[in-house]
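Assemble the complex: chain A is given as a structure, and chain B must be docked to it using the hints.
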Amino acid sequence: MKILIGTPINVCKNYAMERWLENVSKLQREYPADSKSNSVDFLMVDNSPGFDYIKRVKGYCTKYGITNYRIEHLEINQQQPVEEIIGRSIEIIRQEVLDKDYDAWFSWECDQLIPANALSELIKMMESGNFTIASHSTWVRVDPSQVLDELFGTTLIKREVLEKISFIPEMPDTWEPTDKWFRKQVLKDGGSTIEADGVLKPVYHLEDNL
Amino acid sequence: MKILIGTPIHIVKDYAMERWLENVAKLQMEYPADLLLVDNSPGLDYMEKVKGYCKKYGIKNYKIEHLVIGEQQGRDEKIARSREIIRQEILAKDYDAWFSWESDQIIPPDTLGKLVRIMEAGNYTMIHPNSWEREIPAEPDVNFGVCLIRRWPLEKYTFLLDTPVLRNSWYGGEVWFKKQVLQGGGSYIEVYGLIKPIYHLNE
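First to last, the sequence lines map onto chains A and B.
The first sequence begins at 1 in our numbering and counts up one residue at a time.
The second sequence begins at 1001 in our numbering and counts up one residue at a time.
For the record, the hints were derived by calculation from the structure and aren't laboratory data.
Possibly wrong hints are sitting among the right ones.
[Stated by the list, open to error] For lysine-lysine, the following DSSO-like pairs were computed, each having C-alpha atoms within a straight-line distance of at most 27 Å:
{"id": "1", "chain 1": "A", "residue 1": "K124", "chain 2": "B", "residue 2": "K1002"}
{"id": "2", "chain 1": "B", "residue 1": "K1114", "chain 2": "A", "residue 2": "K180"}
{"id": "3", "chain 1": "A", "residue 1": "K180", "chain 2": "B", "residue 2": "K1196"}
{"id": "4", "chain 1": "B", "residue 1": "K1063", "chain 2": "B", "residue 2": "K1114"}
{"id": "5", "chain 1": "B", "residue 1": "K1196", "chain 2": "A", "residue 2": "K188"}
Computed from a prediction, not measured in an experiment: that's the story for all the values here.
Only chain A is shown next, with the shape it has when bound in the complex:
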């Protein structure tokens, strides 16, 4: 599969960024990018104020040997609600997936550390039933004993659904239910999802003080 790792980033998550990019570099090495039809590219959409944070992230990429990546900057008023900022960021990712003929978007939030084989496992899950979406849970940041019921944290999403569903302007007013809203659209359209706990081990959802 030709896959795009697409992730909104913001300076407020800098506490996790270096560890996450180290994780990205390991995952990119693990996934066999052996041809144009089997590859994984990487797009970050920085919605921080100004351009300074992009330079810092580029430094992390250099440090961990990540060369196959792009960073786009989304200029957006920081007073906008977080759902607006995230919605517009993932819309940029969606357009990239459509423009460049990717087979799927790997939605991977920048505060989640996952095993290097995670992408291969998600592909296996997706292919086990020709699912539209394959997702893995993580924990609630402030309470690791609780499973976080979300869809976009570590999730592989087929292109076909991105061709039909935009993240703006239909997106509801809160980003947390947006994933549930998105799943409903997928199911209404005849798609399917597979959502797992305990397949990827370990998964860390980084908190600022960890």
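Chain B only, in chain A's frame:
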């Protein structure tokens, strides 16, 4: 996989029973599996009625056990003790998995085959296709209503309400069971939109 369809039944669900057993007959034709019904109704009369339904729909590969339990006991206690009988049957008869399928859920006949295929593809421990709340069809209902569970966690964890965690909550018992599976190194899968339609029958 050698699978036991194991279902607690009660006369209060008789409104769904005939349709459900017709569904069981169709599913068994697609994927051969044994059927164990654990009746926790008062007295033995309801078993006879259920046997009549089985005969009507040509179900021969089944067993019915009767659980004698005080009607004043809570529903959670009745369900837990019924599930424990099913668990013991799985352990005693070398089944590879338990297909937990509540008697008010109508599913496509190819459901079990699909779930087995996915379970084996990823070596998953539990797999649960979404159903819906009986009263709110738009709300996903994630419980043992339709769920395939491998043998190994059943070897480790009981359904008897002998822990404070499980006491007085059969739904909580399911959540507790899932947590044990994950803590024990297993995995849990939910699938949406693959098994369709699923009808959760209301009276």
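So, going through the hints one by one against the coordinates:
Simply put, K124 (chain A) and K1002 (chain B) have alpha-carbon atoms about 24 Å apart, close enough for the 27 Å limit, and the pair holds. A distance of roughly 24 Å separates the Cα atoms of K1114 (chain B) and K180 (chain A); the hinted pair therefore holds under the 27 Å criterion. This hinted pair checks out: K180 (chain A) and K1196 (chain B) have alpha carbons roughly 19 Å apart, not beyond 27 Å. As the CA atoms of K1063 (chain B) and K1114 (chain B) are separated by approximately 25 Å, the hinted pair is consistent with the 27 Å bound.
Note on K1196 (chain B) and K188 (chain A): the hinted pairing holds, with a Cα-Cα distance of about 12 Å set against a maximum of 27 Å.
The structure agrees with every numbered hint stated previously.
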